[in-house]
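Peer 1: Chains A and B, in that order, give the protein sequences.
Mapping of the first sequence onto the numbering used here: position 231 corresponds to residue 589, and the numbering continues sequentially without gaps.
Mapping of the second sequence onto the numbering used here: position 401 corresponds to residue 759, and the numbering continues sequentially without gaps.
If you're looking for bench data, these hints aren't it; they were derived computationally from the structure.
Every value quoted in this text rests on a predicted model; they were computed, and no experiment measured them.
Be a bit skeptical, because a hint or two may be false.
Since copy identity is lost for identical chains, a pair holds within one copy or between any two.
[As the list claims (entries may be wrong)] Taking lysine-lysine and the DSSO-like style, the derived pairs with C-alpha atoms no more than 30 angstroms apart in a straight line are: (1) Lys-754 x Lys-421; (2) Lys-701 x Lys-468; (3) Lys-596 x Lys-823; (4) Lys-443 x Lys-710; (5) Lys-700 x Lys-376; (6) Lys-485 x Lys-424; (7) Lys-823 x Lys-363; (8) Lys-389 x Lys-754; (9) Lys-701 x Lys-823.
2 protein chains.
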Amino acid sequence: MSQEKHMESRIKYLFFPKSVAVIGASRSPGKIGHEILRNIVEYGFKGRVYPVNPRADKILELKCYKSILEVPDEVDLAVISIPAKFVPAVLEECGKKGVKAAAIISSGFKEVGNVELEERIVEIARKYGIRFIGPNIFGVYSAPSKLNATFGPTEVLAGKIAFITQSGALGIALMGWTIFAGIGLSAVVSLGNKADVDEADLLKYFVNDEHTKVVLIYMEGLNNGRRFMEAAMHCSLKKPIIVIKAGRSERGARAVASHTGSLAGSDVFYDVAFKQCGVLRALNVEEAFDWARAFTELPEPKGDNVVIITNGGGIGVMATDACSDYGLNLMELPRDLIEEFKKCMPPFGSPKNPVDLTGQAAYDEYSRALKVAFSDDRIHSIILLFCQTAVVDPPKLSEVISDIVREYKHCKPIVACYIGGEECQKAMRILEQNGIPAYPTPERAVSSLAAIYRWAKWKKKMLKKLKGK
Amino acid sequence: MSQEKHMESRIKYLFFPKSVAVIGASRSPGKIGHEILRNIVEYGFKGRVYPVNPRADKILELKCYKSILEVPDEVDLAVISIPAKFVPAVLEECGKKGVKAAAIISSGFKEVGNVELEERIVEIARKYGIRFIGPNIFGVYSAPSKLNATFGPTEVLAGKIAFITQSGALGIALMGWTIFAGIGLSAVVSLGNKADVDEADLLKYFVNDEHTKVVLIYMEGLNNGRRFMEAAMHCSLKKPIIVIKAGRSERGARAVASHTGSLAGSDVFYDVAFKQCGVLRALNVEEAFDWARAFTELPEPKGDNVVIITNGGGIGVMATDACSDYGLNLMELPRDLIEEFKKCMPPFGSPKNPVDLTGQAAYDEYSRALKVAFSDDRIHSIILLFCQTAVVDPPKLSEVISDIVREYKHCKPIVACYIGGEECQKAMRILEQNGIPAYPTPERAVSSLAAIYRWAKWKKKMLKKLKGK
């Protein structure tokens with residue numbers, strides 16, 4: 359293995375360590391060195407855990423070591439949460455111990471002007487072949503190994519979205535939000551100062567990580583645009599990348615400079631670069647996670663023809679407008695399909711696209727229309743809309759819809775939007791549990807389906823280009 | 359009083375009837391004529407209620423009448439839910455009875471091609487001076503008189519937003535959603551075919567309705583653009599109007615035609631017309647209600663200077679970008695204010711705008727920064743951001759913030775965004791209960807504040823123009 363490959367291969371120890379040392383583990387609840395250890399233990403990490411603290415014998419029932427050198431076992435990952443000035447010496451010990459990867463939580467480096475101190479830890483890490491994230495981070499989470507080495511929330515839901523964040527506070531807050539919103543994550547990486555591991559390294563890793571279906575990045579600035587683009591291009595051909603690039607505006611770029619010290623750079627440059635390498639740019643976190651949820655569940659569409667099925671004309675019109683805004687192709691239904699859809703609705707329904715089953719529609723009407731849409735090969739994607747009415751129990755409708763989507767083996771992308779009260783919110787969760795992304799507005803459903811189309815089209819074009827070479 | 363004024367004055371009986379007759383009241387739960395009566399009774403209407411049904415003696419414990427003519431009392435409002443063909447005769451009876459306003463729920467008129475039948479009921483209503491909404495509607499709701507004459511949800515929350523909708527299914531579904539989202543309404547009007555009462559009539563009414571602070575309209579098309587513009591211009595000078603105009607796209611306009619039969623018309627025309635008369639155009643329902651919530655709570659800003667207060671750099675950058683997108687002026691803080699804000703944060707915080715209190719900030723830091731922002735006259739509006747951290751209990755933060763806003767008598771517009779888990783959602787509700795609109799993303803908070811600025815600026819310009827005449 360080349361040195362480069364060797365260094366790349368060590369990234370995986372951030373996510374799949376057999377053993378973790380928490381250097382700076384603390385007995386005091388509320389302290390970061392305590393919270394991280396507790397999260398690792400409580401979340402149920404599958405490997406071995408070694409707290410390191412020269413002034414403690416036991417923390418959280420675990421034997422504590424004075425130094426990492428005393429740990430009577432190999433250590434794959436070191437989580438370091440000690441004052442900045444002690445980090446070089448500790449990292450030196452990690453190197454001697456043969457540690458493969460580290461998460462340097464400590465702050466007090468480049469972000470406060472201590473450039474030299476940061477350079478020293480990079481040197482030490484290079485010398486020993488340690489790959490590290492940070493410094494100035496909240497940690498790392500990995501769903502498949504049940505590792506929550508962060509001082510963020512404990513109850514993170516396992517899923518298929520890898521979330522990389524340059525902002526710490528926002529990252530932790532969003533971890534909490536994903537729990538509330540029922541969104542699952544395969545990994546969370548806090549990047550902080552990016553002294554060693556950066557977005558490009560992680561893309562190279564996640565492209566081959568079987569637990570990750572989509573990568574979502576909150577980014578303020580890149581140190582090496584070319585490296586990122588190469589990694590992103592490579593990754594995008596296999597898995598979608600969604601980026602929220604903050605500091606778009608002139609004033610925002612100044613705010614970035616005083617936040618992470620990154621150069622936000624020309625926004626036009628980022629825009630062009632992202633488009634070139636297939637990166638999907640989201641304008642805010644809501645949009646980013648909306649898209650990510652769609653990517654984790656839905657197959658690629660086999661063609662451009664989209665059909666809207668609704669029980670409300672108004673919501674159908676709004677979805678139609680959104681399709682136009684986002685460049686989706688609402689199919690002009692051929693006569694035979696119009697006849698088929700006509701059979702699913704009362705006489706005053708509209709069998710054109712949007713297919714309006716009317717407010718009288720219940721389970722049977724939705725079932726039949728969905729079956730038409732799934733079974734006909736000329737229809738490639740489905741937008742399913744529902745306005746709460748007295749004739750339908752929304753959770754039951756979700757069960758009915760889920761059964762049909764399962765019957766047709768999730769063979770076409772389908773996104774849903776329910777508008778209504780509490781019961782509709784529950785019902786949307788049921789859809790999501792059954793692999794059907796659901797959204798509170800038609801626009802957000804359409805935007806998510808459109809993201810899938812955008813990625814699929816980029817990929818097709820790019821593969822053609824690569825073949826041509 | 360002129361005939362026109364007289365007809366206008368009758369609109370109020372839709373919202374403040376002393377007595378209501380439900381013609382077509384039914385004993386069978388699930389039937390529209392039953393559900394409307396039940397909603398009127400259960401929601402606690404303050405006036406008298408008379409069910410009318412020739413084949414029943416009592417419905418829901420209320421004495422039932424064979425015809426409205428038999429009701430031994432004046433009837434202000436008739437809610438009519440009977441087959442279309444019987445509506446003319448019944449309306450004739452209403453006229454004889456001296457009914458002042460009607461809600462014609464029944465469908466089967468112009469929307470299915472029965473133009474003549476619709477024209478007949480218009481004639482009858484004109485003859486007797488009855489003003490009516492519909493036909494083809496779900497009813498009318500009025501918070502102050504506790505009248506829920508709809509077959510929508512019962513538990514509607516009283517508030518200050520008047521909601522007018524051309525789409526029935528969407529309207530009912532959104533009523534349900536407002537309950538879930540904790541949004542209060544002063545009135546809901548289903549417009550349906552708009553054979554008599556239309557948006558212009560309602561704007562003329564709501565402009566003087568003390569219970570309404572903002573009017574929100576879901577619109578597919580206008581029959582009389584000039585009338586609407588006149589009424590909107592007049593209303594906008596006093597109260598903001600938010601419109602979701604569906605059928606923006608060519609395809610959407612076609613969907614509108616097969617839904618309500620309205621001519622969606624040139625979207626550019628609507629856009630120009632709206633701008634001219636101060637109407638704020640929202641692109642979707644989420645945005646519309648976001649803005650409406652801000653308008654119901656916040657005062658008008660006294661100037662352009664906006665300050666962002668945050669505990670997270672990333673969320674601050676996103677809000678900064680959004681301010682730029684929405685044309686808000688992030689104040690360049692003068693030296694003395696920078697010094698003031700510096701006192702509210704640790705040394706590594708950023709006292710520039712966005713004012714970044716850092717992730718260590720708790721109640722005290724937020725309090726002090728908020729006090730600076732409220733007490734200095736050079737600052738006109740506040741965007742308050744919070745990323746959930748371990749050092750703050752979000753509901754408690756909301757209490758602290760609410761106390762300060764109250765102390766300063768809500769004298770400046772303030773919008774908030776919390777990002778985090780369940781506790782943050784609860785905490786945002788607390789803010790809202792205290793008159794501080796809160797949003798799940800910084801962009802939505804900024805967009806709502808920007809709507810207030812847009813309206814205030816239009817008004818200022820228009821008043822100047824009117825004075826000049």
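Peer 1: Compare the structure with each hint and give your call.
Peer 2: Hint check results:
1. Proximity of Lys-754 to Lys-421 under the C-alpha cut-off of 30 angstroms is found in neither arrangement, the shortest distances being 52 angstroms within a copy and 37 angstroms between copies.
2. Proximity of Lys-701 and Lys-468 under a CA criterion of 30 angstroms is satisfied inter-copy only: 24 angstroms between copies versus 67 angstroms inside one chain copy.
3. Proximity of Lys-596 to Lys-823 under the C-alpha cut-off of 30 angstroms is restricted to the intra-copy arrangement: shortest distance 15 angstroms within a copy versus 59 angstroms between copies.
4. Taking the shortest Cα distances, Lys-443 and Lys-710 sit within 30 angstroms of each other only across copies (28 angstroms), while inside one copy they are farther apart (69 angstroms).
5. In this assembly of identical chains, Lys-700 and Lys-376 lie within 30 angstroms of each other by CA distance neither inside one copy nor across copies; the values are 60 angstroms within and 45 angstroms between.
6. In the homo-oligomer, the alpha carbons of Lys-485 and Lys-424 lie at most 30 angstroms apart inside one protomer (24 angstroms), although the nearest pairing across protomers, at 96 angstroms, exceeds that limit.
7. When the C-alpha separation of Lys-823 and Lys-363 is checked against a cutoff of 30 angstroms, the pair qualifies only within one copy, where the shortest distance is 27 angstroms, while the shortest distance between copies is 71 angstroms.
8. In this assembly of identical chains, the alpha carbons of Lys-389 and Lys-754 lie at most 30 angstroms apart only when taken from different copies (21 angstroms versus 47 angstroms within one copy).
9. In the homo-oligomer, the alpha carbons of Lys-701 and Lys-823 never lie at most 30 angstroms apart, since the shortest distance is 45 angstroms inside one protomer and 58 angstroms across protomers.
Hint violations for this structure: numbers 1, 5, 9, all remaining hints satisfied.
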